[in-house]
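Undergrad: Single-letter residue listing:
2 protein chains.
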Amino acid sequence: MNETNLLIEAFKNTIYKVAGHGKRNIQILKDVLHEVDGQTDSDVYGNGKIIEEFQAKMAAYLGKETAVFFPSGTMAQQIALRIWCDKKGLKKVAYHPLCHLEIHEEGGLKELHHIEPVLLAGKDRLIELDDVLNMNEEIACLLLELPQREIGGQLPDYETLEEISSYCREKGIKLHLDGARLPEILPYYQKSAAEVCSLFDSVYISFYKGIGGIAGAILAGDKAFTEESKVWKRRHGGDLISLYPYIVSSNYYFDEKLPKMQQYYNNAKELAELFNSCHAISTMPLVPVSNMFHVHYQGPKEQVESVLVELYELTGVGLTSYLREAIDGTCNYEVSVGDQYATLPKEKVKQVFQLLDEKMKRFNII
Amino acid sequence: MNETNLLIEAFKNTIYKVAGHGKRNIQILKDVLHEVDGQTDSDVYGNGKIIEEFQAKMAAYLGKETAVFFPSGTMAQQIALRIWCDKKGLKKVAYHPLCHLEIHEEGGLKELHHIEPVLLAGKDRLIELDDVLNMNEEIACLLLELPQREIGGQLPDYETLEEISSYCREKGIKLHLDGARLPEILPYYQKSAAEVCSLFDSVYISFYKGIGGIAGAILAGDKAFTEESKVWKRRHGGDLISLYPYIVSSNYYFDEKLPKMQQYYNNAKELAELFNSCHAISTMPLVPVSNMFHVHYQGPKEQVESVLVELYELTGVGLTSYLREAIDGTCNYEVSVGDQYATLPKEKVKQVFQLLDEKMKRFNII
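Chain order of the listed sequences is A and B.
The UniProt record's numbering puts the first residue of the first sequence at 1, with every later residue one more than the last.
The UniProt record's numbering puts the first residue of the second sequence at 1, with every later residue one more than the last.
One chain only, chain A, in its complex shape:
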């Protein structure tokens, strides 16, 4: 077995996991259905009490007129941008170079919708007001992702958001929020979801990230926008006869996880501090602004892998199942703090980070 597989194996065998909500197994759905009356009618092609009530609940939470449930954010966001492009008669949008649509969707936006993206800012930093002001090209829509996942979940100042929003309104540019992890950033901004969303014309949120559901997304905006999105949802093949397995689980875990977002955020800050206290380890951002951050190890992947395997075997605590290699030869991974951190005994945490610090001191820093 190579180091990568040894790490996966060692992680699997640990008793405690530092990040996440727990295993993605079928129990997640069984727990939900245990609470649902079997006589509840299915939704039928986007209609029915079960989907309409959840859509209304999410519209209220997001402070938007209406909301539509989608099987995926990929589908919801392509459609949002398509609607705004069609409205303006201009197939051009702007987003971050590490936007989900740019790097995780096999070019769906271009291949299916023939929309051309303008990439704003650099791969290592957030979109700032100047990036928007200095754009040379006319666009129909600007997409902002909060937090910006691929750079560790960073966030702009709230004032920057307000300024970008004002500028876009003035210039007739629609502003779309990739809010896959919107609930996770509210403790930092100290704002309600509706307050943040009021800066945007349309917003998408996900139910399997911080919320811990199975899959599914909500797209919200004004009624004309969401009605058009339903037509595109059918065209994409997303208007399933029944979406209720995702709806009931989204609703269940939304209610369960929402009150815990402050706790996840606090735990993320505590955990990041512990990583930063270790030799040759740092987090990005240094102080998290949500429940997520990236952990950077100043060492080569294979060496860090063997350090982690030893650590897991000695302590029974798993930090990560994978490492990504960076161009400079160091390595890193993503942490999303969820329910599992709170189950970890304090003395275990102390032991893990003492050992990690010692072990990291033993090899040469890149």
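By construction, these hints were calculated from the structure, which means they are not laboratory data.
Put simply, identical chains are the same to the list, so a pair is met inside one copy or across any two.
Pairs of lysine-lysine residues, derived as DSBU-like cross-links and limited to a Cα-Cα distance of at most 35 Å, are as follows: (1) Lys-260 - Lys-350; (2) Lys-57 - Lys-92; (3) Lys-12 - Lys-223; (4) Lys-230 - Lys-92; (5) Lys-269 - Lys-346; (6) Lys-12 - Lys-30.
Knowing the structure of chain A, use the given hints to seat chain B on it.
TA: Chain B only, in chain A's frame:
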């Protein structure tokens, strides 16, 4: 309340239903999960034992090299046609004027894939060999739907299928099967699924029609085709992190319903004969070739509605919850025979059709 709503209400209040498998409620999913171990791992973006095993099972059933699970047939079929068009470098396909892609998908094939359809045959009949031979335009792919749902689930002779298949292979035209209801036609053709599919280059089947699942579809073909379909599945937003709620239910009801297809077919023929014995009622086709057919009433919708409401109240047996108005002023609806027909006492059946016949004699035939 108008007659239409009275019919819905009266239907709901009946004890017995003649058609279908039963209510589409959440119990459908609860029954499945009761049988599944909660520790079973979720699929993750198209990977994992739970999805791979089901795909392999379906590939074997359909006699194809590989199969891919999709959230919907709408998505699967657009993608199949897109792949065949790209392969030939020609964005033109042929299908029936009442094809699902033409009438139920908000023009997704045109709007997302810019594929132009050539409509073969008339709205009131099947595609025959001559329609294919006499096509003036070059196409990349021909789609055949078996059975042709919108005209009562009619089927061509098996020899016609073989001839169309030979011709398409000779001419380099890909042949795609809309086999949403494929299991339902096998008792009539007296063929295995794999035998029918061997005439086609690609095939889609559905899990919420005759199979009685919640949603979901399989697209099957050779490996190059299915691998490309996975890329398009991601572009469409159909590559959900977890599709298992649909996979476990599709698998469960596939195993449960497949052995009953002969029974549904026999019952459909018996039931059609009963309708045809009534005054001013006939079925299309006259003798069903699957578990489905349409029932045509030679009378105006409102009058037939009040006949049915009376019938339901007198007998406690529901025939249909809706009627469609035809251009000639008559009305009709679709019947798919499922599990419920077998629960209906024989004397009830006799009573219902005697009464229906008497009532239909009372009003003027259009």
